[in-house]
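S.K.: Read off the chains here:
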Amino acid sequence: MSNKKNKYFDIHPPVFYPASIIIVLFIALTLIIGKPMEEVFVNLQSQITTNAGWLLVLVVNMFLALAVYFSVSKIGKIRLGGKDAEPEFSTFGWFSMLFSAGLGIGLLFFGVGEPMMHFSNDVINETPGTAEAAKNAMKYTFLHYGLHAWAVYAVLGVALAFFAFNKGLPLTLRSVFYPLLGNKVNGWIGNMIDTIAVVATLFGLATSLGLGVGQVSSGLNYLFGTADTVGFQVFLIAAITGAATISVVMGLDKGVRVLSELNMRLAIVFLVLMLILGPTVYLLDSFIQNVGVYFQNMIELGALTEVYQGTAWQHDWTIFYWAWWIAWSPFVAMFIARVSKGRTIREFFLGVMLVPSLLTFLWMSVFGGSGIYLELQQGINISDAVNENISTALFVMLEEYPWSTLMSFLGIILVTSFFVTSSDSGSLVIDSITAGGKLDAPVAQRIFWAFVEGAVAATLLLGGGLNALQTASIVSGLPFAIILIIMCFSLVKGLHEEVRAMEKAEKVKERTAYQSIITDLVNERKTK
Amino acid sequence: MLFKQILVALDLTEMDDFLLRYVLFLVKKFKTEKVYFVHNIKRYDLPEAIDELLIEIGKPLEQLITESLAEKVESIFSESDIKPSILVKHSDSTAHTLTDVAEKLKVDAIVLGKKNAFKGTGLQVDKVLQLTNQSVLLVPDWAFNNNITNLVVPIDFSTHSKKLLNVAQNIANTAPANMGAIHVYELPRWFFPYIPEGKANISLLKDAEKSYQKLVDSRDLKGTKCVFLSGKDKGVAKTIQAYAIKQKADFLILGLKGKNQFTGFQLGSIAVKISQLDWQIPILFVR
Numbered sequence: 001m002s003n004k005k006n007k008y009f010d011i012h013p014p015v016f017y018p019a020s021i022i023i024v025l026f027i028a029l030t031l032i033i034g035k036p037m038e039e040v041f042v043n044l045q046s047q048i049t050t051n052a053g054w055l056l057v058l059v060v061n062m063f064l065a066l067a068v069y070f071s072v073s074k075i076g077k078i079r080l081g082g083k084d085a086e087p088e089f090s091t092f093g094w095f096s097m098l099f100s101a102g103l104g105i106g107l108l109f110f111g112v113g114e115p116m117m118h119f120s121n122d123v124i125n126e127t128p129g130t131a132e133a134a135k136n137a138m139k140y141t142f143l144h145y146g147l148h149a150w151a152v153y154a155v156l157g158v159a160l161a162f163f164a165f166n167k168g169l170p171l172t173l174r175s176v177f178y179p180l181l182g183n184k185v186n187g188w189i190g191n192m193i194d195t196i197a198v199v200a201t202l203f204g205l206a207t208s209l210g211l212g213v214g215q216v217s218s219g220l221n222y223l224f225g226t227a228d229t230v231g232f233q234v235f236l237i238a239a240i241t242g243a244a245t246i247s248v249v250m251g252l253d254k255g256v257r258v259l260s261e262l263n264m265r266l267a268i269v270f271l272v273l274m275l276i277l278g279p280t281v282y283l284l285d286s287f288i289q290n291v292g293v294y295f296q297n298m299i300e301l302g303a304l305t306e307v308y309q310g311t312a313w314q315h316d317w318t319i320f321y322w323a324w325w326i327a328w329s330p331f332v333a334m335f336i337a338r339v340s341k342g343r344t345i346r347e348f349f350l351g352v353m354l355v356p357s358l359l360t361f362l363w364m365s366v367f368g369g370s371g372i373y374l375e376l377q378q379g380i381n382i383s384d385a386v387n388e389n390i391s392t393a394l395f396v397m398l399e400e401y402p403w404s405t406l407m408s409f410l411g412i413i414l415v416t417s418f419f420v421t422s423s424d425s426g427s428l429v430i431d432s433i434t435a436g437g438k439l440d441a442p443v444a445q446r447i448f449w450a451f452v453e454g455a456v457a458a459t460l461l462l463g464g465g466l467n468a469l470q471t472a473s474i475v476s477g478l479p480f481a482i483i484l485i486i487m488c489f490s491l492v493k494g495l496h497e498e499v500r501a502m503e504k505a506e507k508v509k510e511r512t513a514y515q516s517i518i519t520d521l522v523n524e525r526k527t528k
Numbered sequence: 001m002l003f004k005q006i007l008v009a010l011d012l013t014e015m016d017d018f019l020l021r022y023v024l025f026l027v028k029k030f031k032t033e034k035v036y037f038v039h040n041i042k043r044y045d046l047p048e049a050i051d052e053l054l055i056e057i058g059k060p061l062e063q064l065i066t067e068s069l070a071e072k073v074e075s076i077f078s079e080s081d082i083k084p085s086i087l088v089k090h091s092d093s094t095a096h097t098l099t100d101v102a103e104k105l106k107v108d109a110i111v112l113g114k115k116n117a118f119k120g121t122g123l124q125v126d127k128v129l130q131l132t133n134q135s136v137l138l139v140p141d142w143a144f145n146n147n148i149t150n151l152v153v154p155i156d157f158s159t160h161s162k163k164l165l166n167v168a169q170n171i172a173n174t175a176p177a178n179m180g181a182i183h184v185y186e187l188p189r190w191f192f193p194y195i196p197e198g199k200a201n202i203s204l205l206k207d208a209e210k211s212y213q214k215l216v217d218s219r220d221l222k223g224t225k226c227v228f229l230s231g232k233d234k235g236v237a238k239t240i241q242a243y244a245i246k247q248k249a250d251f252l253i254l255g256l257k258g259k260n261q262f263t264g265f266q267l268g269s270i271a272v273k274i275s276q277l278d279w280q281i282p283i284l285f286v287r
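Order-wise, the sequence lines are chains Y and U. Yeah, the first sequence ends on 528 if you go by the numbering used here, and it's all consecutive. Yeah, the second sequence ends on 287 if you go by the numbering used here, and it's all consecutive.
Among the clues, some could well be false.
Here are the simulated EDC-like cross-link-like pairs (lysine to aspartate or glutamate), alpha carbons at most 16 Å apart as the crow flies [what the hints assert, rightly or not]:
#: 1; chain 1: U; residue 1: Lys115; chain 2: Y; residue 2: Glu510
#: 2; chain 1: Y; residue 1: Lys77; chain 2: Y; residue 2: Glu503
#: 3; chain 1: U; residue 1: Lys273; chain 2: Y; residue 2: Glu510
Calculated from the model, a selection of chain Y residues having no Cβ within reach of chain U, i.e. all distances over 12 Å [stated by the list, open to error]:
#: 4; residue: Met37
#: 5; residue: Ala243
#: 6; residue: Glu399
#: 7; residue: Leu439
#: 8; residue: Gly464
#: 9; residue: Gln515
#: 10; residue: Asn523
#: 11; residue: Glu524
Just so you know, the hints here were simulated from the structure itself, not pulled from any lab data. Glycine is no exception: its CB is placed at the ideal position from the N, C-alpha and C atoms.
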């Protein structure tokens, strides 16, 4: 791929320019058209969840099955980066980055909110507020944040890492289609795939940033009485973008990794404190039971389509999540691919799926469990506040426990720092795609993308349209799911070829060596 | 005694010469009573030309290999008192054949060649380590020194370490050789990311020193020195290798069993890692 290059920029024009133009056009249209545009997307989203929900459920299960197959079969032995590659980051650093990029924000935002909402609302014909509702609330939360979600990231991640590090293709989305499309991935089809990935990633990041500052702002308002206004939120976006820029300029090892590790440590402190300050034994009990219930019901839950119940609860939840994870996957997968060189595919799947899932389960059990405990055991109502505004759920729950000011403060810092890590890792990813898959493009370019993210978020916050854009991102989940299915064929083909080549090379080598030894020996004995 | 009866795997390559000479040294030094040389014929389809040649010669392949090995063994073992046996087997898996035969013959150790320079014919050393109930001696083709003067023993203070030190002591007395223990400690960071490294390392070191004192006090090993190193930078296997090279060790003895994962010094998998590194000295894995 030919790149246009100077001191500040090193871009791949057929991706950089179309992506930039689409971003600007889309934002302009959203701002100009306003509400009607949002309605179009909301309608589209509702069409998709109603009519294509089954397809998303199927795709996500397919990813999980594929992930299990890759980890237990011979494919698991393939090392990303070749036989002699060594891991670039320590295991702790690696987990921290996986975790921060993939789930960080969701945990803070939905950790209390989601279990409480399932618990206090009618989920598929059940009575809210009962012990059974509590059990099911955790079960559904685990489903949305568990192995299925991570399988989406992991399968795409392994595809990207394999084609980039083992096959020497650029680390961009187009490379995963190489076994199917051959050299055509270097042409317009490839450019289009990469452009879609850039646009989807940027919109996903910008909308999360825009909506997420809402939580920081309401937390600050609750703690310090600062104004919870759009102006203040724009200021917060500027601050977060600034911090992300510093981290992105410092690069992956010094900036992003250090910040992710710091984040992870802070998150662990927050989790342990909540465990101690909350009903400790109750929370530990609930963690054990929740994990058991989840694994017992995993297949049934994963395949749930509410067909006989005739309800549509999962349209707003499960299907929303599946579409969201899929839309979010180019970014997370590219990032986890980038940091996973030197791991075997088996290690990769264990690292990317099992460890983050179990940690998330603990998190949800502790924070969601602390909320449920208040209602179920103490009779304190917090679900009304949660149902009214989910972004304040965490703070409403913390208020009922000791050290609430300190904990809320910690929570705000954590939300903010998770945003910074999402934003900086996102900038690295977009930067890499628009540079034609280069891993270290000039610093100015990274700063450019970090700023664009902040600017898009701020513009939409000021002019309205964040929801429209978020809905648009989710709508993009469906076409993307179809692209991913095609990718899976490509990936399985590529990995099988690799395993065959590996085994064949080894066997041929041994066999030839042994045959030549025997031939020499027989010839030698003949003359004796 | 560790090398009273040994089984040696031969693969008909140049490696066999190195192995035979090293085994002869072992036989003399440790008064070995019985040596079995084993070759496994892999069931590959041999080229037709070979079949025709075999018909022409009028002998089966097995017999030709036995004769060839017998000549090679005779040329090197003529100066020894013992009469080695030569066994030629047929199977798909050399690792399984070797461990099965070793089990049946109740040998004390299996001796394998470890190829650094020569091309291999596909014996998986780690598979033998996994399968066998015997100790395994790995002799690299770069082992230029047929002598034992300086041996290093990595230990982890598990119950197996006592046995290991005992074996090492026996070998050191027989050789005679200097013997030094090494303990590599490593903080399992994944489990405890918060412990400040400096302090943790000091307390790990103190614990290790205490455990070592207890171990040598309970045995008659008071003169044995132990070096304590941190495995933080290179990992346990490479730290052991770097130390062995620095000490100019010519023999390494380690256990095939270890403590559990939480100590960070997991000899089971460390043994496999060590077996995969490139070595210039023989390594004895004690079962």
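S.K.: Now tell me, hint by hint, if it's right for this structure.
M.R.: These are the hints, each one checked on the structure:
| no. | hint | result |
| --- | --- | --- |
| 1 | U:Lys115 <-> Y:Glu510 | holds, 13 Å |
| 2 | Y:Lys77 <-> Y:Glu503 | holds, 11 Å |
| 3 | U:Lys273 <-> Y:Glu510 | violated, 22 Å |
| 4 | Met37 | holds, 46 Å |
| 5 | Ala243 | holds, 23 Å |
| 6 | Glu399 | holds, 28 Å |
| 7 | Leu439 | holds, 25 Å |
| 8 | Gly464 | holds, 43 Å |
| 9 | Gln515 | violated, 6 Å |
| 10 | Asn523 | violated, 7 Å |
| 11 | Glu524 | violated, 7 Å |
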